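*Asks:* Spelled out, the chains give:
2 protein chains.
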Amino acid sequence: MTKNYSIAKSRRLRSTPYTSRIEKQGVSSYTIYNHMLLPASFGSLEESYSHLKEHVQVWDVAAERQVEISGKDSSKLVQLMTCRDLSKSKIGRCYYCPIIDDNAGLVNDPVVLKLDENRWWISIADSDVILFAKGLAIGNKYDVKIFEPNVDIMAVQGPKSFKLMEKIFGKKILDMKFFGFDYFDFEGSKHLIARSGWSKQGGFEIYVENTESGLKLYDEMFKVGKEFNVKPGCPNLIERIESALLSYGNDMDNNDNPLECGFEKYVNLESNINFLGKDRLIKIQKNGISRKLMGLKIESNQINMTKSLEVKNEKGEIIGELRSACYSPHFKKVIGIAMINKPYWNASQAISVQINEKTIKGMVCDLPFI
Amino acid sequence: MTKNYSIAKSRRLRSTPYTSRIEKQGVSSYTIYNHMLLPASFGSLEESYSHLKEHVQVWDVAAERQVEISGKDSSKLVQLMTCRDLSKSKIGRCYYCPIIDDNAGLVNDPVVLKLDENRWWISIADSDVILFAKGLAIGNKYDVKIFEPNVDIMAVQGPKSFKLMEKIFGKKILDMKFFGFDYFDFEGSKHLIARSGWSKQGGFEIYVENTESGLKLYDEMFKVGKEFNVKPGCPNLIERIESALLSYGNDMDNNDNPLECGFEKYVNLESNINFLGKDRLIKIQKNGISRKLMGLKIESNQINMTKSLEVKNEKGEIIGELRSACYSPHFKKVIGIAMINKPYWNASQAISVQINEKTIKGMVCDLPFI
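The listed protein sequences correspond, in order, to chains B and S. For reference, each letter of the first sequence is one residue, going 5 to 374 in this note's numbering. For reference, each letter of the second sequence is one residue, going 5 to 374 in this note's numbering.
Hints should not be assumed to be uniformly reliable.
All copies of an identical chain are treated as equivalent in the list; a pair is satisfied when it fits inside any one copy or across any two copies.
As the list claims (entries may be wrong) - Cut-off 25 Å, straight-line C-alpha distance, at most; resulting in silico cross-link-like pairs (DSS-like, lysine-lysine):
id : residue 1 : residue 2
1  : K171      : K235
2  : K171      : K227
3  : K149      : K287
4  : K80       : K145
5  : K76       : K145
6  : K220      : K194
7  : K145      : K287
No lab work stands behind these hints: they were computed from the structure. Everything numeric in this text was worked out from a predicted model, so none of it was measured.
Using the sequences and the hints, build the whole thing.
*Replies:* Structure (structure tokens):
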């Protein structure tokens, strides 16, 4: 079994406004995300998973930091960083946007919020997008302002999140469409709330700017939420893998391009927009990719991934790399996300991986898992 | 007392080539640094501290990642990022260089190695300097190549490091001056070795590119080092605070400028070199800074910092922020590093901080501590 190591806290691993609360509520482990504490478990992962799929949870995901870009050239800069065509983007909408560099390597996979024609929030995964944006803006002499605002997201996730949010914010909140956002009042303070979140169980993300009001709201969630069996939670490894929600740094990184990661939908090469890595991506698309993110199903009832594992074919040749995995209560076996080399990426390809020094068999499958 | 939380490992929190070794050797906690595991303790911090000051330790500091910048415009780009004048820099030397943005906010405080006239390594503290460099290079259309090479630093620190290194690499290694580097042979592999390290106890950093040879060297250190009482270790909180070695993200961050952090020596405003934030720094210097990093001595025998603490004067007014602190066996009290507002930054200014809900008295002092 894998030993537990404690995390050495310090100012550099920033706390969030909710940290003291979740520590009273029984957070048991952390990961670090954008130089900040991100809760990783409240006791058993499996129990949290079951609860999340049935009830409602409140998550401290303040580590999803915002990069605010405003000013005359802000739209140009945001577009320069992503291969997704934002020319028809609308205020009040969220956009999942792979950010890539001039070599088409992924830099981040944020959700971009269009706050105004010339004001954007990039809600980032774990890398310093702010430094990339600043470098590009300075080099290009763009007229923009770039900073990290004090925004600490609280997510409300799970099927009963709708009832809980309705109770606090009223019926109007149910009108919001997926990946829409709007401003809602809580005791006299306006909060930006999006219908989004890092689970497939439904829910909302509250972009808390007014910390005092946000903390009151946090407490209110647990008062009002009792009848919905609300619990504290966090992005759940099992749920996110079953739902095939990719994690930057885990499933893909700067050595991967968006076409290898199944982001075709967000790679708009035919448009006449200007973005970094476009020429490179056109070339890659023409020649075809040489590897691809795929699912794996593995005949085991446990795995504890701390780094990549080699994936082999029947002949024992390395054909890829398993990057995330967990035991899935739904599939009753281990499932994982792996970068698989051509031509082995077809569903049903037999594979094996080493788990605790045993060779375990499995097969490649499509994402999302079915 | 502060509760321990475990770290949820995953591929995103990258392991190092040495991780499996240090886990056998008893590492007890980690921090995360540049998206990588950095050991933070092997049992008692105080015992490690005493050992480091007397004997020799081998450290897994692979988390000190390198950003390699090469090509025709590489010197221009490196100089653009730092306020330190590198125009007279020499191949084979290390340079401590604050990296700042156009607003003069600190981005990182790396050691820069000049490998060749047009090839540099930036040995970074905890922020994605590679994204800043790429953004600037792309925006300025510089002819450079920027990437993170496979370099995993192993540090050898402590007064007996010289004897241990001599035994392995021969007398020649003792000729190297502080912040010099050169290439040394170990069983047929060349390793770049610098006389540097994140302690004031003397020692070396081995920039391991050949992992296989590096792992053999790691094991050799512990074989050969027995007679010098070698132990595994890591940057030690107590030793580094006593030595006033600043930590980016802890003691200073992007909201601070180099003049506030005591980096005057590395701020070359009079030179005719071109770097980001120069105009801003000239203005700041003219108007004078409004706060300054200072030492604190606090009449307590314990502290466990997980985030900043308010520093107050005799009247109970907030006059600054304590950012790092520890109990110092040398001074027999708590010492710390704090950002103190003007005009309260003079040595002997009486202060108080809250530790475990008690108000504890202390005073401001100069850095380094004496």
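*Asks:* I'd like to know which numbered hints this structure contradicts. Please list them from smallest to largest.
*Replies:* Structure breaks no hint.
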